[in-house]
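Chain A is fixed; fit chains B and C onto it per the hints.
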Amino acid sequence: MMRTFMFVVVAILAGAASAAERSASMLSYACAGCHGTAGASAGDSLPILAGLPREYLSNIMLQYKNGERYSTIMGRIARGYSDAEIDAMAIFFEKQKWVSAVSQLDPKMIARGKELHEQKCVRCHLGNGQYTEYLLPRIGGQWSDYLTIYLKNVNTSEFKQPQPQLMKESLSLLTDEELAALAQFYAAQQ
Amino acid sequence: MSNITRRNFIKVISSSVAVAGLAGFHEIGLGSSSGRVVVVGGGYGGATAAKYLRLIDPNIHVTLIEKNAQYVSCPMSNEVISGVRDINSLKVSYSTLGTRYGINVVQAQVTEIDPVKKNVRTANGQDFQYDRLIVSPGIDFRWNAIDGYDRNAVEIMPHAWRAGPQTLLLRHQLEAMKDGGVVIIVAPPGPFKCPPGPYERASLIAYYLKQHKPRSKILILDYKDKFSKQALFEQGWAQHYPGMITWIAGSMDGHVNRVAPYNMKVFTDFEEYKGDVINVIPPQQAGEIARRTGLADKSGWCPVNQKTFESKLYKEVHVIGDASIAGKMPKSAYAANSQGKVCAAAVAALINGKVVEEPSYINTCYSLVTPKHGISVAAVYELNDKGRIVEIEEAGDPSPIEASPWQREMEARYAHSFLINIMSDTFG
Amino acid sequence: MKAGLMMVFIFAALGLAPAGLRAENVGNIKCLNCHKRATPNVVMDWKFSKHSSEGITCAHCHGLEHTSSKDSEKAKLPQPSTCAKCHEEQVAQFRRGKHAISWAAMKAMPTTHMLPMALTKGSRGCGSCHKIGEKSPEEVAKLKAEGSGYGHAACDSCHTRHAFSKVEALQPQACQTCHMGFDHPQWEMYSTSKHGVRGLLKQSGVLPKTASGPVCQTCHMQDGDHEVRTPWGYLAVRLPLPEDEEWRKDQTTILQALGVLDTEGNPTARLEIFKAADVARLTQEAFDIEREKLLDTCTQCHSERFASGELAKGDELIKKADHLLAEAILIIASLYQDGILDKPESYTNAFPDLLTFHDAPRPIEQRLFLMHLEHRMRTFQGAFHANPDYALWYGWSKMVQDLTAIQEMAEELREKARNTGEHCEKSDTVTYTEVAKPTNQSLK
Chain A
1 MMRTFMFVVV AILAGAASAA ERSASMLSYA CAGCHGTAGA SAGDSLPILA GLPREYLSNI
61 MLQYKNGERY STIMGRIARG YSDAEIDAMA IFFEKQKWVS AVSQLDPKMI ARGKELHEQK
121 CVRCHLGNGQ YTEYLLPRIG GQWSDYLTIY LKNVNTSEFK QPQPQLMKES LSLLTDEELA
181 ALAQFYAAQQ
Chain B
1001 MSNITRRNFI KVISSSVAVA GLAGFHEIGL GSSSGRVVVV GGGYGGATAA KYLRLIDPNI
1061 HVTLIEKNAQ YVSCPMSNEV ISGVRDINSL KVSYSTLGTR YGINVVQAQV TEIDPVKKNV
1121 RTANGQDFQY DRLIVSPGID FRWNAIDGYD RNAVEIMPHA WRAGPQTLLL RHQLEAMKDG
1181 GVVIIVAPPG PFKCPPGPYE RASLIAYYLK QHKPRSKILI LDYKDKFSKQ ALFEQGWAQH
1241 YPGMITWIAG SMDGHVNRVA PYNMKVFTDF EEYKGDVINV IPPQQAGEIA RRTGLADKSG
1301 WCPVNQKTFE SKLYKEVHVI GDASIAGKMP KSAYAANSQG KVCAAAVAAL INGKVVEEPS
1361 YINTCYSLVT PKHGISVAAV YELNDKGRIV EIEEAGDPSP IEASPWQREM EARYAHSFLI
1421 NIMSDTFG
Chain C
2001 MKAGLMMVFI FAALGLAPAG LRAENVGNIK CLNCHKRATP NVVMDWKFSK HSSEGITCAH
2061 CHGLEHTSSK DSEKAKLPQP STCAKCHEEQ VAQFRRGKHA ISWAAMKAMP TTHMLPMALT
2121 KGSRGCGSCH KIGEKSPEEV AKLKAEGSGY GHAACDSCHT RHAFSKVEAL QPQACQTCHM
2181 GFDHPQWEMY STSKHGVRGL LKQSGVLPKT ASGPVCQTCH MQDGDHEVRT PWGYLAVRLP
2241 LPEDEEWRKD QTTILQALGV LDTEGNPTAR LEIFKAADVA RLTQEAFDIE REKLLDTCTQ
2301 CHSERFASGE LAKGDELIKK ADHLLAEAIL IIASLYQDGI LDKPESYTNA FPDLLTFHDA
2361 PRPIEQRLFL MHLEHRMRTF QGAFHANPDY ALWYGWSKMV QDLTAIQEMA EELREKARNT
2421 GEHCEKSDTV TYTEVAKPTN QSLK
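Heads up: the protein sequence lines correspond to chains A, B and C, in order.
Position 99 of the first sequence, counting from 1, maps to 99 under the working numbering, and the rest follow consecutively.
The number in the working numbering is simply the position in the second sequence, starting from 1, with 1000 added.
The number in the working numbering is simply the position in the third sequence, starting from 1, with 2000 added.
Here are some of the chain B residues that sit facing chain A, going by a computed Cβ distance under 8 angstroms:
1) ASN1337
2) THR1364
3) GLU1394
4) MET1410
5) TYR1414
6) SER1417
Facing chain A, according to a computed beta carbon distance under 7 angstroms, are these residues of chain B, among others:
7) SER1338
8) VAL1380
9) PHE1418
None of these hints come from the bench; they were simulated from the model.
All residues carry an ideal CB built from backbone N, CA and C; glycine is no exception.
In isolation and in its complexed conformation, chain A is listed as follows (with noise of 0.2 angstroms):
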C-alpha cells in the first residue's frame, strides 16, 4: 500500500506540481479526516474508499454533487470539487489497496445475512460481495454500520439513492433487521 501511495505522491510531484490544478493526492489527503488515511476508513459508519473502482466512486461523488442521491453531508462538500477532481480523486483512491474493517459481529446476524445473500443479492455481490468492477462496489469486508445505513436509506423514500432496479426490488421486503443481518454478513468477508 505505502509504495502505491507514495508511488501516487511521487508522481504528482514529479508531473503535474508546476499547474494551478489541484493535484489528485492534495485533493485527496483532506478526504481522510473522515474516511481514513488513503481512503481505509476505521470508522464504522464511514465507508472505505481504498481499492474502489474509479467509476464507482467518481459516479457516486458526482451524484452527491448534483443532489441525484441524498447524503447528510457529503453532498455539502462534492459541491466543493470540479467534476474533473472529483475523477481525480476516484483515481487516487483506486489505487490505495483495500483494508478490510474489523468489527464485532453477531454470528446469528452472519448466518441469517448469508441465507438473505444468497437468496436476494448473489446474482450480482459476487465473491460473497468481495468482488469490485465498475460500478459495482466491494461490499465484503466493508463496515456493517455503513451498509446498515446505506441498505436502509435505500428501502426509505425519502432519500434519493439511486440503485439498480434489481437492488431496489431484492431489498424492498426486508426489514430492518434483515438488512442489518446483511451488513453484518458482508462485514464478516474480510
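Same frame as chain A, now just chains B and C:
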C-alpha cells in the same frame, strides 16, 4: 472471520500492526536525509504534518516534539462531560508515529525557538536543528481578559477547553451538583478554538441533567451575538430540552468581565449570576511558544502565507492549526488536520526545491445535541488570487434545518466515526 | 458498554490504517484494467450497455476464476442459463420456441455432418446462425475443445455481445443476419415489401414513430415474447393432415420425402427428431394458437376479414405448391420403383430424401432439392411476408420450371433405359399409400 471476540480482536489488530508496520516501514526507511523538519506540538495539526511529511517524502527526517506522553482528543470530550463516554477512548499514544512512520518522537517541553539559528531547545536542554520548522502550538488563554479568572480559578471554574483533567473536573462537578442547580457556561469571543463547542457542551450537559437532575438549568453567557450552527442548536434545544437552556447574547448583557470563584459568581456589565457549576471558556490567543518566539502579531495569532503556512514574520518557520491565521478556516481539529497536510506537501516541495502545489482544504465539524442527534457544518476551501483561504461558494453549509430524527441520528453516527478516523489519520 | 465499544474502535483506528490487513485478489483485481487494453471494443460495447449502468460486470457472466492473461481458459463462456439468472422469463420463453432448438434442428439434418470442416468448425456454415439454439454442456465442452471461444450464449445472436442491447434486438436488422439468403430470404422479402419499406422508413426517421409499419418482431415476437413461432413453421408441413383430399395426399408425399412418414404412411424415427426439433406444427391446436396470435397482430392495422383472407391465400398457395412438389417427388420415386435410377445407399427407402439437400446424388435429385428448399420456401414465405413478387417469380414460377425440368430429365432417363435395355434392380421396398401416378394435370 465471523464473530470477533474482544480478545481475538485485539490479537488481530496487534498482528496486523506488526505485519503492516514491517511492510510499510522498510519502504519508508530513513534513507539519505534530504532535510530536517522539526514539528513542535503534537495535536491534530502537528502530528498530521509529521506523518504526511514522511508519507510524501520518506527522505525527510522528521522530529516531533510534544510535551505530553499521549494525546487526549478535544473533539467528543463533551461526551465525557455528559457521562456517555470514557475519557480513555479519547487518548492516543504517539508510538505509532514513531514505529510506523519513522518519526523521531521526543517528549519534551519546548522552551526556546531560535528562528535565526534555526534551533529548537527543550526544557531538558536538548537542541534540535532544522531546515524547516512547523509550529503547531494550539491555543492559549488570555489570562487577563476576565477579571479574577486566573490559573487558580480554573480549579473551581474549569475551562475544560483542553481535554484531560479539566474535562473530568467539570464532569465531577456536574455529578456532585444538586438537582435544580444552575450551570453557567461563559462563552468566549471569536476567534476561538471549536466555535460550536460551547453550545454542544450546553447540549450534552443538558442531556445529562435531563435524565438525572431534570429541574436544573443551564445559562450561557456569551460575548457574541450569534454562534455557530445557532439555528440547529436552538431547534435541538427546543426539541430535547425545552426551557432548560438560556442563552444571553453579548449585546443583551451576556458579556462576562469578572468572576468571583469563591462565591461562584460571574459578573456582566449590569448583572451578577450565581452558579452551582461554572464553566468559563476564556478568550483565546495563539499558544505561548508561538507568541514568545515572535510568530504572533498584535492580534495574538500568527500571520502566515496561507498556501505554505510559512510565517510572515520568520522565514522557514511554518505555523499551522489553531494558532495560525488561516483565512476563513475555523479553529478546529479537521482544519488543523487539513492544514497539516497542505503544510507537509509545501514543506516537502520547498525542501526539494520544487514548486509548491496548489492547496486544497476541508473543514468538517460535527456537534451533538444528544448522542443520537448530530448536526454538522462543512466547507471546502481554496486559495484565492490574493493568497487568502476562502470558502468555495457552491459547497459547505450547515445541516439542513428540516431533517428527520433518522437524519440527525445518521449524523451522530458519522460524528462518532469521524472521531475514529481523524484520530487514525493523525496518530495511527 | 458504549465506551467499551468505542475503545475497540479506537484500536481499530490505530491498528488498521493505512497499511493492508488482508486484501484479497477478488476485491482488488479489476478486469477492466487489462481488458480496456486487451479488448477495448468489448469494453466500449459493454460500457454503453444497460448491464454496465446496473453494475453487471465481467465476472457476472465470466466468473471470478480468470484473473490474468495466463489463465484465460478459466473465463466461463455464458449460456442461456447464465442469462436466465436475471432474465428468467425471457429465457423460459426462448426455450419454448424454435430458436432454442435450432442447434438440435441443424444437427438433425444429415447434410450438416457432411460439410467440410472449414465450414463447420467454429460455428461457421449452418452453425453461424444455428448457434442461437441451446447446447448441452457436453456440446459446449466439445466446441470449446475445438477452439471455439465464443458464440455459445445463443441470446447474443440478437442481443449482440457485449452491449446485449434490447433496442438492438428490437430492430429488424437483428434478424437480418440469419433470415436471409438461400432457404429463408425473409429479410429480402420483408425489406422490399410494403411492410418493410414502411418499417424501415420509420426506423430512419422519415416516417414518424407512430406511423404503422411493422418490423419482424411486431408479428413474430408479440409483446416481447421470446418464443418466436409461426403457424406453419420452417418447412410448412403439419400434422394432422389437411381435410382436403388432394392436399392431404400431397402433404403425405412431402412428409414421406422428409422421412417423417415411412412409405406406409407410418411415423418414422425421424419424426421424433422433428418433434424434438419442433420443425413442424404437429397438432391442429399448435397451429391455431399461432395463427390466432398472428391475426391479432394483423388486425391492429387491417380488418380481420382482410387479414384472414390474406393468410388463407398463403395457405392456398402452400396447397398449390405442395401439389407441384409432390408430383416432382413421385416422378423421382417412380424412377427408383421402375429401376431407372438406383436408390442411393444412404437412403432408408427408395424414395427421395429432401433432407440430403445438396448432397443429393444426381442432377434430377439436385433439382428436387432446389425446388423444395429454395423455391417452395420462397413461394409460401413470399406470400406470408406480403411480397407477391417473391412468391410468384422466385417461388411459384421456379417451381413450375423445376417440375418441367424434372419431368424432362425423368423422361430422358427412361428413354435412355429403354434404349440401352439396362435396368437397375427394381426397388421392392416402395409401396405407396394411395399415391397417384404423376401426371401433368397439376400444371394446368
